[in-house]
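Visitor: Please model the complete structure; the sequences and the hints are all you need to start from.
Below, each chain spelled out in residue letters.
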Amino acid sequence: MSVPLPGQGIVKGLVETARNFVGSYVEKDRLVTVQYPEERVPQAEASRNFPFLVYDGDDWQKGLRCVACQICEKECPPQCIYIVKDTARKPDHTGKLQFQPRLFEIDTSVCMSCQVCVEVCPFDAIKMDVEYELSTSDRFNSLLLRKAQLAKPNQYFHKIHPAEAAEVDARLGADKAKAEAKAAAATRPA
Amino acid sequence: METLDQIKARVEAAFPGASVEIVPNAGVGGQRSLLVDHAHALDVARFLREDPALRLDYASNVTGVDWLDAVIKEKRKVKQVIAGVEREIEETTERRRPGYLEVVYHLYSMELKHGPLVLRLRTANRADNARVPSLTPVWRAAEFQEREAYDLYGIIFDGHPDLRRILMWDEFRDFPMRKDYVEPDDYEYEPTPHDDVLAKAKRHYQP
Amino acid sequence: MNSEPAKLENAPLAKPYELRPKALADGGQPGELLEISMGPQHPSTHGVFRMDVVLDGERVVKLKPVFGYLHRNHEKIGENTTYLGSMPYTDRLDYFCSLTSNWAYALAVEKLAGLQAPERAEYIRVITAELTRLQNHISLVGFLLQDMGASGTPLMYAFREREKILDLFESLTGARMMCNYMRFGGCRCDLPPGWLDQARQVVGEFPRFLDEFEALLSGNEILLSRTQGVGALPPELAVNAGITGPMLRASGVNYDIRKVDKYGIYDRFDFRVPLGDHGDVYDRYMMRVLEMRASLKILEAALRDIPDGPIMDPKSKLRGFRPRAGEVYGRIESPKGELGFYLISDGSPKPCRYRVRPPSFINLTILEDMCLGHYVADAVIILGSVDIVMGEVDR
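Taken in sequence, the protein lines are chains A, B and C. Quick note: the first sequence uses my numbering, first residue 1, plus one each step. Quick note: the second sequence uses my numbering, first residue 191, plus one each step. Quick note: the third sequence uses my numbering, first residue 398, plus one each step.
None of these hints come from the bench; they were simulated from the model. Source: prediction; values computed, not measured. There could be a bad hint or two in this list.
Chain A is nowhere near these chain C residues, computed Cβ spacing over 10 angstroms in every case [to be verified]:
{"#": "1", "residue": "S536"}
{"#": "2", "residue": "D564"}
{"#": "3", "residue": "I619"}
{"#": "4", "residue": "S745"}
Example chain A residues on the side facing chain C (calculated, C-beta under 7 angstroms, incomplete) [said to hold, decoys possible]:
{"#": "5", "residue": "I10"}
{"#": "6", "residue": "K12"}
{"#": "7", "residue": "G13"}
{"#": "8", "residue": "A44"}
{"#": "9", "residue": "R48"}
{"#": "10", "residue": "M112"}
{"#": "11", "residue": "C114"}
{"#": "12", "residue": "V120"}
Glycine included, C-beta positions come from ideal geometry on N, C-alpha and C.
Guide: Spelled out as structure tokens, the structure:
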């Protein structure tokens with residue numbers, strides 16, 4: 001075995017550094033820095049940040065899918081969701097009477113983006129947003145998202161999570177068709 | 191590894207007078223454990239470590255468990271003769287179990303690659319006599335974990351070389367992992383949407 | 398001021414007991430002892446960790462680790478939330494390796510409730526866990542070099558590669574670090590289309606990077622002289638002190654829970670468990686590099702063999718999950734050592750006792766023994782080679 005010259009290892013390391021330095025001009029693989037905010041990394045389909053509420057139709061106050069069942073409030077691990085149920089049923093965007101949340105607030109300073117609320121929601125009403133530029137100048141008040149800030153249209157959901165939104169729409173559509181068929185069968189004279 | 195009953199028999203043979211008890215486990219795996227008395231705990235621990243068939247040289251997990259005072263209801267089917275006919279009747283017996291703190295050791299063998307054997311020690315009560323012998327002289331792995339059990343549960347380990355608080359600060363006066371621990375009012379003072387936390391914080395911070 | 402210089406004989410040495418090595422075996426000149434508090438806000442302490450160090454000149458005479466600055470009583474939180482609710486909290490234990498923490502917790506609950514993850518889920522778990530091991534070890538080596546004074550270069554190279562793995566995690570789980578991916582009896586969602594090819598590409602390119610990394614570091618004379626013979630840990634002490642993971646194997650003890658317990662489907666993979674000889678910082682560094690190569694072998698096989706099929710046990714349910722009463726201890730080989738969860742259920746939706754056996758916390762038990770007699774600058778790299786994450790140490 002030959003005895004390595006002293007300093008050989010350091011020289012070898014320097015060659016490696018030089019290779020990386022030169023390589024960063026030619027190889028995409030070695031120049032990985034993304035110049036945020038001019039450049040942005042494309043969002044993955046599954047990306048998640050904080051939850052938002054999906055609404056159908058045009059009017060967010062009527063079209064919220066949320067029926068204030070409060071399951072997410074109970075299951076939320078850090079307890080950051082706060083819901084007050086309306087006392088009376090109100091017509092939703094299709095005119096059906098439905099319970100709605102009078103207050104729906106999410107404290108994003110507490111929320112840990114775990115997605116448990118999305119998983120437990122039986123109505124596909126709460127989904128994860130991908131918005132990440134959320135800095136505010138007020139520590140408490142602006143980080144508490146109110147119902148108006150949380151409500152976003154279904155089109156927005158389609159924009160950020162296309163595959164998931166298509167799947168949800170297909171499922172909801174099938175459920176609705178089934179319910180209508182059932183209702184039609186029930187009203188048909190025997 | 192030998193079965194727990196065999197180990198128990200061997201321990202009892204090695205240390206006459208030691209009280210060794212098998213604690214059942216109703217769970218799916220049914221991993222039972224060995225409850226040892228204080229006077230022989232160190233001897234039993236050394237035996238488990240040194241015995242050539244066991245060689246449990248590695249104490250993986252050491253932790254405290256808090257058991258509050260509880261009323262245990264047991265249902266038994268009893269045959270009784272009522273009005274000349276023998277019937278099975280469910281009888282419920284109630285017994286008060288005084289609370290205690292428990293230390294659980296999960297022992298493995300790195301040499302023979304088997305385990306776990308679960309060793310338990312119990313304190314006499316939860317208040318003035320929450321003491322167990324420390325097994326740190328046998329397994330140093332227990333050093334920080336016993337300190338943690340002392341810190342969070344208030345179990346005093348006799349013979350521990352350096353029994354101080356480890357996670358909480360030295361001036362802290364309570365044992366937060368106990369089931370009856372009440373958190374102070376200023377535990378969470380930031381205004382969250384939950385009214386009860388907010389009300390509590392306001393009560394604490396307003397004169 | 399005290400005019401009488403403290404004598405070395407009077408130095409407040411650690412209380413002697415079994416297996417503790419003698420401080421200052423080389424017998425330096427007695428001088429004035431200096432007590433300093435390193436941390437908690439110190440760049441070399443990997444977060445908020447403090448060491449109370451007593452120095453004789455530059456040599457460490459006594460070292461007491463102090464922690465708890467990040468303590469939030471994870472175990473109490475675990476006892477106050479449902480079984481599912483604790484899953485995202487396990488991400489925050491070891492925030493470098495959230496997927497292995499997820500797996501350890503899922504494994505314990507599955508043992509408690511008698512659930513069995515389907516085959517595809519087991520493969521996904523192995524793939525994500527080994528990717529986690531890669532990115533943990535690569536960043537650990539980067540941080541270790543940073544502690545040694547190699548300002549930036551190795552760490553930046555390491556992070557460049559780590560980002561590729563984190564991108565994989567993001568497209569699978571939605572988050573780069575707080576994955577919250579595994580569920581009791583399977584995984585939350587199936588692999589997105591094209592993910593496997595992307596993973597194969599990352600795994601295929603990784604060896605080239607490792608070769609470069611080793612050319613940069615492994616033969617470097619400065620690294621050798623800083624690490625060889627520093628912080629040696631004898632195997633008997635390592636076993637007795639419950640050291641696990643690469644640190645234990647660097648001391649030459651062949652104990653890898655993937656081989657011993659064969660949890661999941663690790664019995665299907667043929668991989669080598671690298672072993673060290675001296676148990677010093679260099680062996681611990683080398684152990685990480687060799688383990689990454691072993692992980693790549695597992696990954697190649699797993700990415701080749703992964704079957705189609707369901708990813709959840711049909712018996713498991715998300716809400717209203719109540720395992721029957723009993724207790725269980727489940728453990729896995731996390732990148733830092735043995736990560737175990739000890740759960741006691743009383744049949745309610747919340748665990749009666751929820752205990753985490755954190756590897757990096759217990760691996761700190763022998764920090765003092767390793768540092769005694771070494772220079773204070775070496776104490777920093779010895780700590781770096783332990784591989785701690787304060788989220789797990791303090792819980």
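Visitor: Could you work out which of the previously given hints the structure breaks and list their numbers from low to high?
Guide: 2 and 3
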